[in-house]
Amino acid sequence: MTAPAAPVTRPRATPDPSASPAPVRRRSKPSLHGTLSKVIIALIVIVQVYPLAWLFITSLRTEHDFATGDPFALPKAVTFDNYARAFETGNLGMNILNSFIVTMGANLLIVLLGMMAAYALQVLGFRFSKFVRILFLIGIIVPVQIALVPLFIDYSSINLLDTYPSMIIPLAGFALPMSIYLFSSFFEYIPRETYEAASLDGAGPYRIFGLITLPLSVNTVVTVVLVNSIFIWNDFIFANTFVLSEELKTIPLGLQNYIGAMGKTDWTATFAAVCVTITPLLLVFLVLNKAMIQGLESGATKG
Amino acid sequence: MLPNRSRLSVLVFLLPPLLLYGVAVLFPILQSLFLSFFSWNGISDMQFVGLANYVRMLTGDDIFWRSFFNALGYLAICLVLQLGGALLVASLLTSMRRGRELIKTLYLLPAVISTVAIAFLFVRIYSLEPVGLLNQLLHWIGLGALERPWLSDINSVLAAVSAPEGWRFTGLYMLIIYAALLSVPQELEEAARLDGASRWQLFTKIRFPHIMPVWITTTIMATTYGLRGFDIPYLMTNGGPGQSSELLTTYMYKTAFTSTDFGYASTIAVFIVVECLVAVGLILFMLKRKADA
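Protein chains in written order, with the working numbering: chain A, 1 to 303; chain B, 1 to 293.
Read the hints as simulated data drawn from the structure, not as lab findings.
Accuracy of the hints is not assured; some may be wrong.
[As the list claims (entries may be wrong)] Pairs of lysine-lysine, BS3-like flavour, derived with a Cα cap of 25 Å: (1) A:K130 - B:K288; (2) B:K288 - B:K205; (3) B:K288 - A:K38; (4) B:K290 - B:K205; (5) A:K38 - A:K290.
[Claimed, not checked] Cβ pair distances, simulated, as ranges: (6) A:G93 - B:L30: 37 to 43 Å; (7) B:L30 - A:L112: 50 to 56 Å; (8) B:L30 - A:V78: 55 to 61 Å; (9) A:L286 - B:P16: 30 to 36 Å; (10) A:T163 - B:G84: 39 to 45 Å; (11) A:F231 - B:L30: 21 to 27 Å; (12) A:T194 - B:G281: 37 to 43 Å; (13) B:L194 - A:L283: 30 to 36 Å; (14) A:I46 - B:V80: 17 to 23 Å; (15) A:D201 - B:L194: 36 to 42 Å; (16) B:K290 - A:R207: 19 to 25 Å; (17) A:F231 - B:L33: 21 to 27 Å; (18) A:S31 - B:G22: 24 to 30 Å; (19) B:L15 - A:P191: 36 to 42 Å.
[As the list claims (entries may be wrong)] Simulated coverage check for chain B against chain A, where a stretch passes if three residues somewhere in it have a Cβ under 8 Å from a Cβ of chain A: (20) 141-149; (21) 198-208; (22) 245-259; (23) 269-275.
Values in this document were obtained by computation on a predicted structure and should not be read as measured data.
Yeah, the Cβ is synthetic: ideal placement off N, Cα and C, and Gly gets one too.
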């Protein structure tokens, strides 16, 4: 997570081991080690994924089946009533819309401001750039909890509590350092000569930003947006602290409504609601995960 | 530096991001530090108390210490699951030929899901009545004696709230470590293999030293995230039963927003920041000493 989304076309520093010809011996006779690895990996993947599959299966069970049956068994009958109840109980649609607004707003700020800061630090350069970099590094290390009490007090004094910006501002602020880092590392790859040529043609810093840096950064933007969206879409702590009214609740808060009084919970409907709310992000992730995985990996190899 | 940039253009690009960052991150840090020297419930006048909050925290507050040690336990469990699991899977994955992309995607899946959903899910997995996945599994493999309501048993609750956080992010760290392992030069491994190095030697003498810089980054990431862990314990048990799964973060949150003791809550928040900085410093120091030796 430390780094730049490399342009997709940049070749890997090292060849993929599977691409290099393997010793013939290993191909003809599967070794004990190989089989054992596969079994261990399979077991670990089951532990990682089965709970999610179980979540989905449970959302299709009847309440009676859920309360009395064996949790590992397949449902005796598949029902979609839970989904209907999930939509009746909460404000799922509104929660999803709110999450969408907050995620979009924060991402817009993160991408635009992150790119601007990285441009100033990496391309323009200035005397105190090292100091500014250190300032931004602080945001990666300090936990978000430090901001809760001060922001709560500040927001209440300027009547910003219970608004979209009350969530968007801290989410964007705390995500900014990592994005600046990602953009800066990417900007290093844009050859100096490109800028110099543009300068000779009379382009100033603004036009260079708009005509060269911005269009070249599309891949990095995808990585930044995807990684941040996961955290913002799922944010609980800021939303829980700064938002009180039902109309502004995002998905994580909306889900809490399903817990009934006295801890009596309609579990099958809750699980149906969970399935509905994780679907948008899951779809985006499954479609774009190659880009994200590649971004994370190319970052990691450079340390 | 760009040839014909101006001082104004630097400011145009730098000021907006600094402004947002200052408002959301830098200023609140200073404000917390400031508030930690006051006693304030948010309504009556603020009262300067000097270091009294710090003295109270360090010498007179059992719950604080309880939460501190719980947080260390939580961190330890997260680190073992995240870094240990990540390293194991990443190493095994390098020797696989097919299906690696699929496994990477599946393994990363839990990281996409919100903590509220994960908390719900694990409440059910741990449940005893009706029987959840964990207790049913124990029953099947003949360890029925271990069956228990994991979240209301004070001996198991801390481990039970820590595990989901570990479970959730293993995939992320695995990806990073896996990518680092791929960058280990093949010639080096080949040469060692010809010299008769065992798999274990290959791993400890070549692979692991080679990925050390990435390992440090991952350890720091996992540690700072572990120390700020909040959502899952807060949602699953709210620190209970008693204080047996209270973390510093949940304690701070309750002090601020349930007891509305803003001054003391800020003191705990400052402690959490210091704790993160010390942890990062310690990791860098220990690894540097090891590298020098």
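The hints, checked one at a time:
Taking the CA atoms of K130 of chain A and K288 of chain B, the gap is near 23 Å; set against the 25 Å cutoff, the hint holds. Restraint check: the Cα-Cα separation between K288 of chain B and K205 of chain B comes to about 18 Å, which is no more than 25 Å; the hinted pair holds. Distance check on the hinted pair: K288 of chain B and K38 of chain A sit about 35 Å apart at the alpha-carbon level, beyond 25 Å; violated. For the given pair, K290 of chain B sits about 14 Å from K205 of chain B by alpha-carbon distance, which is consistent with the 25 Å threshold.
The straight-line distance between the Cα atoms of K38 of chain A and K290 of chain A is roughly 23 Å, inside the 25 Å bound, and the hint therefore holds. In this structure the hint that G93 of chain A and L30 of chain B lie 37 to 43 Å apart at CB holds, the actual value being about 41 Å. In this structure the supplied range 50 to 56 Å is violated for L30 of chain B paired with L112 of chain A, their Cβ-Cβ distance being about 26 Å. Evaluation of the 55 to 61 Å hint for L30 of chain B and V78 of chain A yields a pass: the beta carbon distance comes to about 56 Å.
A beta carbon spacing of about 34 Å between L286 of chain A and P16 of chain B agrees with the range 30 to 36 Å that was offered as a hint. For T163 of chain A and G84 of chain B, the hinted distance range of 39 to 45 Å is satisfied, since their beta carbons lie about 43 Å from each other. Taking the beta carbon of each, F231 of chain A and L30 of chain B are about 24 Å apart, inside 21 to 27 Å as hinted. Distance hint for T194 of chain A and G281 of chain B: a CB-CB separation of about 40 Å, consistent with the stated range 37 to 43 Å.
Look at L194 of chain B against L283 of chain A: about 48 Å separates their beta carbons, and that is not inside 30 to 36 Å. Distance hint check: the CB atoms of I46 of chain A and V80 of chain B are about 19 Å apart, consistent with the given range 17 to 23 Å. Between D201 of chain A and L194 of chain B the beta carbons are some 56 Å apart, a value that contradicts the proposed interval 36 to 42 Å. Between K290 of chain B and R207 of chain A the beta carbon distance is about 50 Å. The supplied range of 19 to 25 Å is therefore violated.
Our hint of 21 to 27 Å for F231 of chain A and L33 of chain B holds, since their Cβ atoms are close to 26 Å apart. Between S31 of chain A and G22 of chain B the Cβ separation comes to about 58 Å, which falls outside the hinted range of 24 to 30 Å. For L15 of chain B and P191 of chain A, the Cβ-Cβ distance of about 28 Å falls outside the hinted range of 36 to 42 Å, so the restraint is violated. Under a criterion of three residues with beta carbons nearer than 8 Å to beta carbons of chain A, the stated coverage of the region 141-149 of chain B fails, only 0 such residues being counted.
Residues of the region 198-208 of chain B lying with their CB closer than 8 Å to a CB of chain A number 1, which falls below the three-residue condition for coverage. Under a criterion of three residues with beta carbons nearer than 8 Å to beta carbons of chain A, the stated coverage of the region 245-259 of chain B is upheld, 5 such residues being counted. Figure legend: the region 269-275 of chain B, annotated as covered by chain A; annotation consistent (4 residues with Cβ-Cβ distances under 8 Å, at least 3 required).
When the structure is compared with the earlier hints, violations turn up for hints 3, 7, 13, 15, 16, 18, 19, 20, 21 and for no others.
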